[in-house]
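Undergrad: Chain B is already provided as a structure; the job is to place chains U, G and H on it using the hints.
The lines below spell out each chain.
Number of protein chains: 4
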Amino acid sequence: MRAGVVGASGYTGGDLVRLLLFHPKAELTCVTSRQFSGKYLSSVHPNLRGITQIKFEEYDVNRVSDKCDYVFLNVPHRASMNIVPELLQTGVKVIDLSADFRIKSQEVYEYYYGKHEHPELLGKSVYGISELHKEEIKKANLVSCPGCLASSAILGAAPLVSTGAVDLNRIVIDSKVGSSASGREFSLSTHHPERANVVRPYKVTNHRHTAEIEQELSAVAGKSVKVAFSAHAVDMVRGILSTIHMFLEKELTEKDIWSIFREFYGDEPFIRLVKQKTGIYRLPDPKVVVGTNYCDIGFELDEHMPRIVVLSALDNLIKGASGQAVQCMNIMEGIDETTGLTFPGLHPY
Amino acid sequence: MRAGVVGASGYTGGDLVRLLLFHPKAELTCVTSRQFSGKYLSSVHPNLRGITQIKFEEYDVNRVSDKCDYVFLNVPHRASMNIVPELLQTGVKVIDLSADFRIKSQEVYEYYYGKHEHPELLGKSVYGISELHKEEIKKANLVSCPGCLASSAILGAAPLVSTGAVDLNRIVIDSKVGSSASGREFSLSTHHPERANVVRPYKVTNHRHTAEIEQELSAVAGKSVKVAFSAHAVDMVRGILSTIHMFLEKELTEKDIWSIFREFYGDEPFIRLVKQKTGIYRLPDPKVVVGTNYCDIGFELDEHMPRIVVLSALDNLIKGASGQAVQCMNIMEGIDETTGLTFPGLHPY
Amino acid sequence: MRAGVVGASGYTGGDLVRLLLFHPKAELTCVTSRQFSGKYLSSVHPNLRGITQIKFEEYDVNRVSDKCDYVFLNVPHRASMNIVPELLQTGVKVIDLSADFRIKSQEVYEYYYGKHEHPELLGKSVYGISELHKEEIKKANLVSCPGCLASSAILGAAPLVSTGAVDLNRIVIDSKVGSSASGREFSLSTHHPERANVVRPYKVTNHRHTAEIEQELSAVAGKSVKVAFSAHAVDMVRGILSTIHMFLEKELTEKDIWSIFREFYGDEPFIRLVKQKTGIYRLPDPKVVVGTNYCDIGFELDEHMPRIVVLSALDNLIKGASGQAVQCMNIMEGIDETTGLTFPGLHPY
Amino acid sequence: MRAGVVGASGYTGGDLVRLLLFHPKAELTCVTSRQFSGKYLSSVHPNLRGITQIKFEEYDVNRVSDKCDYVFLNVPHRASMNIVPELLQTGVKVIDLSADFRIKSQEVYEYYYGKHEHPELLGKSVYGISELHKEEIKKANLVSCPGCLASSAILGAAPLVSTGAVDLNRIVIDSKVGSSASGREFSLSTHHPERANVVRPYKVTNHRHTAEIEQELSAVAGKSVKVAFSAHAVDMVRGILSTIHMFLEKELTEKDIWSIFREFYGDEPFIRLVKQKTGIYRLPDPKVVVGTNYCDIGFELDEHMPRIVVLSALDNLIKGASGQAVQCMNIMEGIDETTGLTFPGLHPY
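Protein chains in written order, with this note's numbering: chain B, 111 to 459; chain U, 111 to 459; chain G, 111 to 459; chain H, 111 to 459.
So here's chain B without its partners, still in its complex pose (with noise of 0.2 Å):
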């Protein structure tokens, strides 16, 4: 299959190139960035040097059209949903990386982010996240992938939440992500003596992801779902690492928490769940995740509260972003999910 990437120039969009280069069905046909437009790839992205001759061209939305299959999306929110239009016309499938077509409530979307152009598309978008929504992404032209705290979180509370066993109105989302998820913007606020060393609360009430992480919890409970969710910025480039805290309403042992687990998420092949009696690494840690597609859930069960606290690991970048994206091109395309996205990540890094 041939596949393009709108708007490269970015981290998302890099990741998203490099997999694509070594996706061994995949054939990058097309890169555009209006900024860097008639550039080598590496100019931007420097571990592509020497790996790929590829330009930047700008975006136009018939030679995209004709060079592509499947075309990734990564521009901003709002410039996303006058794109994706244009581009569903011409046939090709597509997966965009905006929260444009996430939320399925025109209200909730434009509580959160304005006024939508194009409201008629929020019910043809499949959410990405490939655990949830697998069959839907089969058939879909429009899938919208997740945001990355999004997906962390959304994946490590669901299964609990399904079960009704846990209080659906005091569900804690405490979220630690490192600076590459504020993209290539630069600004005061990610200067390297001012962003290290910090545990920074840069987000902890009314974040946008609060929206999508409502949206697919409340459709997995069966019933409206609202969550507390806080995220921080702390001193690392990669990865996120949700604590989900929820209290119990029904007894559960250790055992029967495995169970639900196992019984959610079966084969699904990227996530793992990490629960270890012994060694440094007994519970998921972005350390583990990073550079990989996998996303590493585990928990601990306070009989004390009685709470449950799960840990939700993964790369903001990859599962959280790009590797979910191609996750979605390979199940949209009927192939092994896993193609292209095996790469088991660096210890120790």
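Do not rely on the hints blindly, as some may be mistaken.
It does not matter which identical chain is meant; a pair holds if it fits inside one copy or across any two.
Subject to a maximum C-alpha distance of 30 Å in a straight line, what follows is the list of computed DSSO-like cross-link-like pairs (lysine-lysine) [to be verified]:
{"no.": "1", "residue 1": "K385", "residue 2": "K360"}
{"no.": "2", "residue 1": "K214", "residue 2": "K225"}
{"no.": "3", "residue 1": "K248", "residue 2": "K365"}
{"no.": "4", "residue 1": "K387", "residue 2": "K248"}
{"no.": "5", "residue 1": "K313", "residue 2": "K149"}
{"no.": "6", "residue 1": "K385", "residue 2": "K149"}
{"no.": "7", "residue 1": "K336", "residue 2": "K365"}
{"no.": "8", "residue 1": "K387", "residue 2": "K225"}
{"no.": "9", "residue 1": "K244", "residue 2": "K387"}
{"no.": "10", "residue 1": "K165", "residue 2": "K225"}
{"no.": "11", "residue 1": "K249", "residue 2": "K365"}
{"no.": "12", "residue 1": "K135", "residue 2": "K225"}
{"no.": "13", "residue 1": "K336", "residue 2": "K360"}
{"no.": "14", "residue 1": "K336", "residue 2": "K385"}
{"no.": "15", "residue 1": "K234", "residue 2": "K385"}
{"no.": "16", "residue 1": "K165", "residue 2": "K365"}
{"no.": "17", "residue 1": "K149", "residue 2": "K365"}
{"no.": "18", "residue 1": "K177", "residue 2": "K365"}
{"no.": "19", "residue 1": "K177", "residue 2": "K313"}
{"no.": "20", "residue 1": "K360", "residue 2": "K333"}
{"no.": "21", "residue 1": "K336", "residue 2": "K387"}
{"no.": "22", "residue 1": "K387", "residue 2": "K333"}
{"no.": "23", "residue 1": "K387", "residue 2": "K149"}
{"no.": "24", "residue 1": "K165", "residue 2": "K313"}
{"no.": "25", "residue 1": "K165", "residue 2": "K214"}
{"no.": "26", "residue 1": "K385", "residue 2": "K244"}
{"no.": "27", "residue 1": "K313", "residue 2": "K248"}
{"no.": "28", "residue 1": "K336", "residue 2": "K313"}
Hints were generated in silico from the structure; no laboratory data involved.
TA: Frame of chain B, contents of chains U, G and H only:
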């Protein structure tokens, strides 16, 4: 006043020695370490090179009590409980940095730490958070300084807990802490290649500090409080951020919450309320308090749940240990409690 | 081909195992570790969770040689020298990652490492820098892989040293290396609070790698070369930058130097010449090669002295160890030397 | 004495303000910033929250000179050269932290920095390394503080250069510096995801500080000295380590070298000679001096070449800038030069 530090080879001991050497009213008369007896302080604490010629000596109750008016105890839990009684008998005032005399309830102590050899002293020690127990500290012979994570949690949560406006059964405290909190003892888990780049959920349930947090918050609330406390290791050396998620049971505006904090802490010299509208340090961040005796506290009101998120940041080795201990000594001695504790920290670092 | 790793619990062993598991032409048939025998690889190498069910076994010369065509040896210096002979006798090909067979001169070896038990093999091993010894490696039964610092130094210095244009008595090699280079053994010096934020001159004179650097550069120069080599620990996990200061004895332009490098390395697939006019990665930086088998090399000409500063960057665990070793195996086997080694690294990380 | 800081919004300005606020003999009477005029110091320097209510004001030569006895200038190179003359005319003493008056030779200045508008003042300023120019500083009206990298290089190299025992044409100075050295101005190169995990050769030839290093070392040597100077950015915020490689031309023992350093620096209060036989901080490391005004200097003798490797560590913002400047003020004022500069740093940090 003459001060001594028993067990001064660790990180807290190092900071205590540093603070006392530069304290304008204290004289550091005695520094003990079994392991390093006979060696210069700077052999263990390299920042003291050229600053002092003091050497570590062996601990001996008579020598220590002869030389000191105040003794700071930095020995491990369970070692402290046998040294405190003999020191108290000599008439010196003891400021204990172990957990042995923090918990008033023998049962609770023993649940978390094992058998107590001197339960008769549990009721006589004063819990050394000066913002809560200043009057008692003034008259105390034995002050038991709080744990570093407990300090940040209690100082952040106490004001709202005292009002009864939040759900006292659903307080989630999610703490992030630097590597110095594990002390000077090394292991695979603190080995740099393994400890760098982590967000490691090292104690997400059943943390021992739960005992003192619940003791102090229950006292403030006037009824039993249970907390859902979880601690994570992040990639920095010093500092703690505690994110305290509390669900509102009464309606409170931002202004109300401000008033609660202001009234609760009044003129406390080491509590700074931080809630700015602009800038990159709008809320507390350990980056800003490292090196200081400040605890920065701020909050956001989440009308969506409704929830209050309190952020509490301090330097685990200073306000969370040595600085708090010196502050207690100042209070016991009746001098300005900020004496020797005014270093404002470095920015950036 | 069937490959085994003896002594696979360390960081280099972990990377070797990872590379072999994903190598399309190799089968990992045997992994030994005395300490972890019977345990899953993932108990030590957390990135291999869910990737393999292989367990560590005890080393036994017969079992290992029955199962393997190639044996990678990752045991400490001085342990290797006694295992190599017995393995060679079974007919397997040995790729040794210790220092025991790197040095051709018994006298030099013994100056740096102590008595050699099998000096008769010193002349039979091939020094495994594939860019310098490819033809010999093809025919070798025993390849001795270079040290990580030596790799970066030799690859960076060799082209100019070969020309005779620089003062061979005044070559300064100033290297900066991450914490993974000290291996999995922990100590106070690698304890995170002590190892973070350092620029620690840990071996600024008399580093053992001096021996192999001088051996190889002397061979390239055709006469005796001495180097002023110093190594520093910096705050990162993986990676080495060697800054090689050489004083010009003949006049050379930038273009001349380019030609020297281009000619020296020709089409070597893992050497990238990096010297851009713009961008923030104009010269080699370990950040860009971590995770890869590349050695990036660049230079600046300082007309002021005149001096050439060569920069050489690689991942100490890959091109400086495991990747170089796999590259040697590929060459010995006669397959494309890049097989299994094409991962381009992550950016940013 | 009354002190003012012109251009106080940067990192050096922040440290100057901090030092002056806590200086027992100085009164901070005036702090200017064009960009932040009217705002609290703490809006830019978050560590000053609750410490001072001083606000930035606009620079005005009359107001500044009315309020101050000493003016510290922290404006960019080439801006300083026009402000210094008007300030000097008012009779205040000026301590300039820019490069504009560091270089005695107009020609050399202009080679590195461009045209000088007030060359007549070049000869009147005193180069503010107090260990070399104390007597002149006492009498100076204009002190020009050295660059941070230059400080570490000069202080480390001067003693041996003064003896004539080393090859003055082959001095290699390889420096490693933290991100705060690039100041508060942000760019892609200081963006955390790009700046973390680097060893970036950002200026390996033709660094401007070469001019002042050579000027000062030539003065010390009594003849022309050229240095091969290269600077690298490493992943830390504060600190510099300069590794100075010098080739011996006379035979010197370790003891001889010790004597040279001891004699050269005598009782200098901020020079610590560091060369321990044991421990993990046997040689200078910026980790140990961050936050302080110390320059730690040590060495190793390499009999192999023979070569001396001198290590020189300091905090770029303090001994490399603001602390050195305050030390000059103390000397100019005739008070103990350590006044206000005794903070011993934090360990660990």
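Undergrad: Checking against the hints above, which ones are violated?
TA: Failing hints, ascending: 3, 4, 9, 10, 11, 12, 15, 18, 19, 22, 25 and 27.
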